[in-house]
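Chains S, A and H: place on chain F using the hints.
Here's the letter readout for the chains.
Number of protein chains: 4
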Amino acid sequence: MISRYSRPEMTAIFDGRSKLGIFLDVELAVAEAMADLGQLPKDEVATLRRRADAEREKLLNPARVEEIELVTKHDVIAFLTHVEEICGIEARHLHVGMTSSDLLDTTLAIQLARASDLMLADLEKLLTVLERRALEHKETLTIGRSHGIHAEPVTFGLKLAGYHAEFARNLQRLRLARAEIATCAVSGAVGTFANIDPRVEEMVAARFGLTPEPVSTQVIPRDRHAMFTSTLGVIASSIERLATEIRHLQRTEVREVEEYFSPGQKGSSAMPHKRNPVLSENLTGLARIIRAAVVPALENVALWHERDISHSSVERVMLPDACILVDFALFRLTSMMDKLVVYPERMRQNLDATFGLVFSQRVLLALIEADMPRQKAYELVQKNAMRAWHEGQPLLELLKADPDVTAKLNQARLEALFDMGVHTKHVGTIFDRVFRR
Amino acid sequence: MISRYSRPEMTAIFDGRSKLGIFLDVELAVAEAMADLGQLPKDEVATLRRRADAEREKLLNPARVEEIELVTKHDVIAFLTHVEEICGIEARHLHVGMTSSDLLDTTLAIQLARASDLMLADLEKLLTVLERRALEHKETLTIGRSHGIHAEPVTFGLKLAGYHAEFARNLQRLRLARAEIATCAVSGAVGTFANIDPRVEEMVAARFGLTPEPVSTQVIPRDRHAMFTSTLGVIASSIERLATEIRHLQRTEVREVEEYFSPGQKGSSAMPHKRNPVLSENLTGLARIIRAAVVPALENVALWHERDISHSSVERVMLPDACILVDFALFRLTSMMDKLVVYPERMRQNLDATFGLVFSQRVLLALIEADMPRQKAYELVQKNAMRAWHEGQPLLELLKADPDVTAKLNQARLEALFDMGVHTKHVGTIFDRVFRR
Amino acid sequence: MISRYSRPEMTAIFDGRSKLGIFLDVELAVAEAMADLGQLPKDEVATLRRRADAEREKLLNPARVEEIELVTKHDVIAFLTHVEEICGIEARHLHVGMTSSDLLDTTLAIQLARASDLMLADLEKLLTVLERRALEHKETLTIGRSHGIHAEPVTFGLKLAGYHAEFARNLQRLRLARAEIATCAVSGAVGTFANIDPRVEEMVAARFGLTPEPVSTQVIPRDRHAMFTSTLGVIASSIERLATEIRHLQRTEVREVEEYFSPGQKGSSAMPHKRNPVLSENLTGLARIIRAAVVPALENVALWHERDISHSSVERVMLPDACILVDFALFRLTSMMDKLVVYPERMRQNLDATFGLVFSQRVLLALIEADMPRQKAYELVQKNAMRAWHEGQPLLELLKADPDVTAKLNQARLEALFDMGVHTKHVGTIFDRVFRR
Amino acid sequence: MISRYSRPEMTAIFDGRSKLGIFLDVELAVAEAMADLGQLPKDEVATLRRRADAEREKLLNPARVEEIELVTKHDVIAFLTHVEEICGIEARHLHVGMTSSDLLDTTLAIQLARASDLMLADLEKLLTVLERRALEHKETLTIGRSHGIHAEPVTFGLKLAGYHAEFARNLQRLRLARAEIATCAVSGAVGTFANIDPRVEEMVAARFGLTPEPVSTQVIPRDRHAMFTSTLGVIASSIERLATEIRHLQRTEVREVEEYFSPGQKGSSAMPHKRNPVLSENLTGLARIIRAAVVPALENVALWHERDISHSSVERVMLPDACILVDFALFRLTSMMDKLVVYPERMRQNLDATFGLVFSQRVLLALIEADMPRQKAYELVQKNAMRAWHEGQPLLELLKADPDVTAKLNQARLEALFDMGVHTKHVGTIFDRVFRR
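Protein chains in written order, with UniProt numbering: chain F, 1 to 437; chain S, 1 to 437; chain A, 1 to 437; chain H, 1 to 437.
Worth double-checking, as some hints may not be accurate.
Copies of the same chain look alike in the list, so a pair counts if it works inside one copy or between any two.
Here are the computed lysine-lysine pairs in the BS3-like style, where the Cα-Cα straight-line distance is at most 30 Å [stated by the list, open to error]:
id : residue 1 : residue 2
1  : 425       : 42
2  : 383       : 73
3  : 138       : 408
4  : 73        : 125
5  : 425       : 73
6  : 339       : 383
7  : 339       : 408
It should be emphasised that the hints constitute simulated quantities derived from the structure, not laboratory data.
So here's chain F without its partners, still in its complex pose (with noise of 0.2 Å):
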């Protein structure tokens, strides 16, 4: 991924020197663990080790494994030739009775577990972020729209507290991703344990926080990261639709919120109404990268017979990409509704910009309970809704002054009827189902 949408903590754990640092401990641990169980000489394997702790840093050398690649045409050996001109004889020790897959699948888990890591952490920061604002504007007044229209008031808080639920949502399915591509894998060519005891497989894994693979075909199956990558795009997805919010917000007809606008920071030009929600924008189309993952990785998962390697291009190459941006957009994202400049009393004006129109419902549904039979009600209060709309007068005022309003309705109960409360009374149920799960 190019730099400009990447952050170093995500790129560090798919660079080639983490890499080699996995592949070390991979093949030290799965040594360790036949020594242990008396099926390699023990002196000698703590030998390696020591060695290979003290030339830890001259080990991760991505640029000499490369070299070797070169020559052998295989990462693989590349690397552990390299270690042995290091190490030293005990080398041999390495890699007993393991196949290649074993080594670059139970590496590629171990990277995605501590990515999933990453950004579980960003998700809890953009959780902590969203009931904070929420909670800010739990009462603030805001219309709620339907189709693009104006419907009926919500608050801004019960906005952001509908996001909050959906991003914590996404942080329990990205557990459940974690957990799904969190597997190892020591099982030989064809995952037979031909030449290696499954009690090896089962020790490493506890090792790195693994669970053994129940059966690997050479490689760990495909379905475990298409389910992983499917569930990055559904994060992806969630970010765009908070993203398009905030386009909408910002809109210079709407202009209910901002994002963040440093005071020094320079418009584009002498036109002052031109800030442009260019970080949500930003996040629309990161997401669609992201979702870009889904379908090669679904492709991935039928592979031929017990492997064949098409996987392995995608993979290197969009893996890390989606790891990377979703870390990115997702740190992006909590920074933005962090700032986020809200404009409350410019979402009072909207809400009022439909001359009470939003309380029409309440006004037929009292005057049916005044016993004003349904159809003669609906008449009168779309009379009324009509003449409001088209002159801009509010629709209160009109039906204090209309007789057969009155007759049934007195000034009292029609103010009563206009009060907001009743569209803000039920939100502290709904944050209580939010926030105190």
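Relative to chain F, chains S, A and H alone:
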């Protein structure tokens, strides 16, 4: 979905009659909950329920509702009008304080939960068949292949155990996916419970085995449906993997298995070898159609504000289609695997087609163990392996005739190295992992 | 496709009766070509043609063919048996030297060519409507928006001209896509013409307005159908773009246009502002479904060897569906744009809502031209722009009252700078590019 | 894209230095066009050009521009500042009347046109190789397969001719795709030419071999890039088809071709049969990554109003990546096909593996022609075919020994029926179609 790829039990869940039935059940449940809470007259609601039960057949009449919809241009209003026509004035107690989406989304949740139950049962049946066939062929030797090239031996049962493990994961995923979409919304126009008691939602949810949606914004959030559909996409990819395996094994040159071909069934010509794996080819195509639902479901998440209605057409078409196809494909796959004709002797022939080369690594290790330097051992094995391959002679015989080899390994030792047992000795361990969980 | 999103003329192209009709026409054309080449008895083929013409109604009976297929398990054989039952022994001259795919793929080509013709006509109608509306609103000023934020003025006609240009490109693309799939294969089992004369293919192709497929490998290569489907995907995305524009313009806060709402049509409530852009929302969803056909079509390309049959199920479902939806969506879009209600005065209000800030850049340039240093000019304009925006006053008035400004630009010059004409002066040039090509 | 899958010539088109070079060329071309039209002082623009040419190396300094961008937070402004620093005051004649997208989108058009030229050259080279190999194997008999099952004979050259025809279509498609994106926009903030003469756009377009965009709405419309990317997706799928063919043909059981394996190259072990088709497997994976760019490109079309910036991140990442991968994959495929090792004798063995059953249909037709009733003939052929298949005997010998057969067809006639010539007699006709166009 076209009838060629549909099974009636699944289709019925999504047909017009079932939908009206659920509409009716949900609306009555809401009214009864309100009556229980003292918010509607208990006796009138009871009368309504009696009438609705008595006239159920007449009520579940999609053609009539569509007729009314031509006038009202609104499906929910058409339904309510229809109920009022038949059940009388008490029908006014239906839909009180609700918005159309409360009804539509809760109904969709019930349909998808039922569809999930069918698919879960399908998966259980597939697992039963896979387990039976795996046990049957636990010891049936066959060649494992990587890159489409012979690697080392496995058993056919072990292959099937791997698929069993994969579909067991899919079962678990589908259970989670079911929980994702089995939620209930009865919260009014923009989800604020402005005109309905939140307890009603809880009571209705309990009645249908659903969970109340923590925050519905007129609609149940679509990240749930995206996750559900993604899970179907993963299942489809697993179906494709097994289908691809069968297609490969049935190739003329491989011919280790064949889809069942009924005795009377005519081949496409007078060519008896022309038995095409048409079921598994068909499953491959169906997997592509099911997966096609994933991206639109992800695109559906970012609805505008509290909701727009762009998701509706996508879901009308693609959610039933995806469920119908998964059900059909799992059923077809189960039946195909149940009757699959397996040719163990042919597997053995293919295994022997590389003249024992699959044992070359073991010979190498034995020579090294017998103190031959690795490089010398490698060259010795390679020389004999090359002859075996190019002259078509058994490697074992060549080795027995090579004095450099026999100087280190006697005949008995050599024969012991060519023992298939090493590849099958841990099959039991793996089976325990898969079938004893 | 469900009937809600289907138009009969397109559906008819893909129904069972039409398919049998094309089957019959293609088979007869092959027989007649062979008779013309002296490879079949001319009189018997003529007899067959007479009978087939006379019994055409009886022949086009999908139910009967399906009945036979239950026995033969092969759709083409079932069809041929059915013809023989009705037309007698001369029917043996049908299908000589052909393979089923010759018939199926040539039939599909004819169906897709017809479907293309319908869609091309749809596009022509849309272009006509877009041109009319563009000319109607050639001078209707409205604000151009980037990032959803007001930028500089355009005209509504110019917006529509842009969509016209885009759909004119789509027309051209669809013509190319039609040519891609309008090919004919009559080349036998694996495309070698082993049992059929290549001239027959050419004669049949000419008869149906098709091109002979240069190399068919039993099937017509699927890169053609992938290109065709991708083109539909691009058209769908253009539909989405125009639909999204209308959805934005109909938002409560913007309200510059509205989808037509019939006088008698009831709103969803007593809220007259609640006119939802349901058609364009629906089109947005339909675009997602159409696009979903693209990936499976791409996945269909890599058939195994001379062909496998995995593409068949995908195409049975998705090719008709995609064509039906494109036709439906174009028709709906055309009608929507035809009747779209446009509010020029509201456009003007929105344009004025930024107090003339859209002219700030021109004032800046004029001050510089009048020899004010750029930095000073920028600060001067910015100061006044900020006041205009925050105090809600017209920028022009503020400038007129600022002595630093009037020292450089007199009243007349200032007023001239605030002339909308600069934004419309080249509309004619652009219209010439679009409508005079 | 990671360097493992990149070639320098393509990467260079998209690197920071090239981009600045095109930026400079476009800005200077605009200034010179304006000078030619008398809208800028000719001598000052000439001075600017001289300085820019003299300091070109210093100007193409992405690191310095990025430094400035850290302050300006705007890439185009940073570039212009950088030019002014180096070229002095005359640089104020750059970017007059332009908007950033004019520069960015025209630059992108130039980059994509250059990338297209590289890919077109790649396709030409592939076609040359495919033609040579097709001619080489014009008469090399091999079995044609449908459903993975042996069907009837073809030649290996004919297979390759089919791929040639497919890639020739891709060449034509890519030419059209190049034309789609090779347009130029120099039309100002919202495409109205408010501050720039439309003739400038035409002059600049001509200079870079581009077409003026008829209507740009600040940006060049993204349906063009969607069509371009879709075309790359189709090319990727064709690459996958040929790669899949090679993977199949290299299977251990089939072994009709092998990817070239250098003499010194070590296999993965002492198993000489273990030559894996790693290049074609890799190409299969790369095809998946390329295709992944299609959906985001389609999603990029529906930008909001005159433009939003959500497409930008998608294009920054996925357009270069897709071009780089197509170039890399075509190059790898060409080299692979160039050196592909073909085993005609193995093809012949596989052809014979069905004991002459591929001729059964011809025997059937001959018996009917010799006046045996079809049903009797069918049973007679089938009986012998079944024996041939199950007993592993040549069908021809069995027929010669069957008196029911020889009563109708003598030995010479029978042998004539088993002539491969029937399957190759029209290969020349097909080659003429492909290679003489």
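Quick one: residue 73 to residue 125, C-alpha cut-off 30 Å, is that within a copy, between copies, both, or neither? between (44 Å within a copy, 26 Å between copies)
Is it within, between, both, or neither for residue 339 and residue 383, if the alpha carbons may be no more than 30 Å apart? Classified as between; 26 Å across copies, 44 Å inside a copy.
With identical chains, the pair residue 138 and residue 408 could be close in the same copy or across copies; at 30 Å between alpha carbons, which is it: within, between, both, or neither? neither (35 Å within a copy, 52 Å between copies)
At most 30 Å between C-alpha atoms: does residue 425 with residue 42 qualify within a copy, between copies, both, or neither? between (70 Å within a copy, 26 Å between copies)
From the Cα coordinates, with 30 Å as the cut-off, is the pair residue 425 and residue 73 best called within, between, both, or neither? neither (69 Å within a copy, 33 Å between copies)
Regarding residue 383 and residue 73, is the shortest C-alpha distance of 30 Å or less found within a copy, between copies, in both, or in neither? So residue 383 and residue 73 pass the 30 Å test across copies only (22 Å; inside, 82 Å).
Evaluate residue 339 and residue 408 at a C-alpha cut-off of 30 Å and name the case that applies: within, between, both or neither. neither (49 Å within a copy, 41 Å between copies)
Consistency with the previously given hints fails for numbers 3, 5 and 7, ordered from lowest to highest.
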